[in-house]
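Use the sequences and the hints to build the structure in full.
Line by line, the protein sequences give chains R and Y. Quick note: the first sequence uses this note's numbering, first residue 1, plus one each step. Quick note: the second sequence uses this note's numbering, first residue 1001, plus one each step.
A couple of the hints might just be wrong.
The calculated label-pair distances, taken between Cβ atoms and stated as ranges, are [what the hints assert, rightly or not]:
#, chain 1, residue 1, chain 2, residue 2, range
1, R, Leu429, Y, Arg1066, 41 to 51 Å
2, Y, Gln1059, R, Leu429, 48 to 58 Å
3, Y, Gly1018, R, Gly63, 37 to 47 Å
Covered stretches of chain R (chain Y as the covering partner; in silico rule of three or more C-beta atoms under 8 Å from a C-beta of chain Y) [as the list claims (entries may be wrong)]:
#, stretch
4, 58-69
5, 195-204
6, 253-265
7, 310-322
8, 430-439
Quick caveat, the hints were computed from the structure, so don't treat them as lab data. Predicted, not measured: the structure shown is a model, and the values here were computed from it. Backbone N, C-alpha and C define an ideal beta-carbon position, used for all residues, glycine too.
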Amino acid sequence: MSRQDATIPFRGDVEIRLRADASSRAPALVFFSTALVWLLFGSIEGTLASLKLHMPELLTSAGWLTFGRVRTAHLNAVNYGWASLASIGVALWIIPRLVHTELRWPRVATAGAVVWNVGLVIGIALILAGRNDGLEWLEMDRYLADPFLVVGGGMAGVTLLATLLARQAGHLYVTVWYTIAAFLWFPVIFVIGNWPTWTGVESAAVNWFYAHNALGLWFTPMGVGAAYYFIPKVLGRPVYSYQLSILGFWTLAFFYALNGMHHLIGGPIPTWMITTSVVASVLMVIPVLAVAVNHHMTMVGRFGALRYSPTLRFVVLGAIAYTAVSLQGSFTSLREVNRVTHFTHWTVAHAHVGVYAFVTMVLFGSMYYIVPRLVRREWPSARLIQWHFWLVLAGIALYIIPLTIAGGFQGLAMLDPAVPFQRSVEVTLWALVSRSVAGVLLTAGHAVFAYHFWLMVRRRGPTREVPPFHEPVPVVYERPEAHA
Amino acid sequence: MLPSSLAVVLTGLGLGVGALAVFAWSWRRGLFDDIPAQADLVFDERDRRLERPWETAEQKAERRRRYGELIAPEPGEWGGAA
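Shown next, in the form of structure tokens:
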């Protein structure tokens, strides 16, 4: 093949990528913008809820400021507002790139973001007004709010499926498996979880089936899929073992759905179900170690890249947290451990390792990479990125470590009949204060990020003669040996 | 005791068996063939030729040998400000 011939397909590669980015620009930006609004709102609500646990007289005059409503609004705002919307935004940007075509029906996806947000506003307003469905992670009104999420999410999912069906790439990268699977799993568990006929024990079982799978079959595949994209992409080297990545995905698909029942250890459901769930939870070690080994070995010899790439810094931190939270989850599912940690702040810390240290960190890193390619500007300030990183890192460390330790002491105190119950509360007080400090730091970090994002969408980033990442001068490519 | 948890049992089994079915279908369709090409899907050619400041001289030489002369990254190339 002549040099000229060899040039053509590689130029095409870059142009396909540029067209894919352009097609997902509007929906991705709408998803990201609204996600950040919910992140700020959820952070304030979370910090307020935390303060109330050691300052119980704080803001008790109005019903909508009481702990039960504020904490629930926080949970729904960060999970369905921030993490879900940002994850969908990342998916809308990554999938067209990986299947080598443009996003199909981008306006439908954008409209989906609007519909989803309408549902969130209704659901969280009702929660603050004192009306919720009374099930953990499923508090939003199943008739007035949830249908909007089903329709809005479905609209985004349909565009992704249509894009997948129109793919030009001959193969499917592992990120595509994770992302598309998440869009197929989530509607199933969300509808099952919200089905109105469950009562009594069955309602509790379905509740934890949903709540655990929301993390494992929605946020986890989104986060792991994004990490599998950005780590090799920034480093410029393929994942250490692609076979291992496939193994990780399929073992997650086979085992995860059965995990949730370990939340009901000691509860009135069949013992065999809980035992099955404990076994499935321990089996999760397989996909987790597959991902951990793969990410680590891909990074080996390139850890210096963390100094240069904020994206990599956030994503690698998130990937480490994924390993930590998953192994912690397998450990906590064991009956002997669970009898101590159940009903304690340990579980709250564990949830934040998952949704924050893992998923949110990966989403931050992803957005640092994606947004400049959407708005065609560079991030205006390296200093703001540094502030964001260190504020959220300090915040989440101050959150997780004290609360995990205090949760252990709390559980041991509750199990000791000689210890008054009041003592089990007192041993956690220092950690509750630490959590409030953490909440302030995290909220400050989010405000920095939201301000920086605002500068980006207002096009305040450095202007250049040509948009960044668009190859300002023609490059003559040579066919690499690997493709010969 | 089964009826009290039927929804969870059936849905859990459905998701697991469904995954197994998709896996088998994908295998037959050849979606796991040519693993190296799948691993490379994440890159376009420009990615391979970008000069990465954190790489050692040996790593850069290897990249140059495999993909040709390296091109300079643009500011903010790695996902952040310059």
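* **Numbered hints the structure breaks, given as an ascending list** => 1, 4, 8
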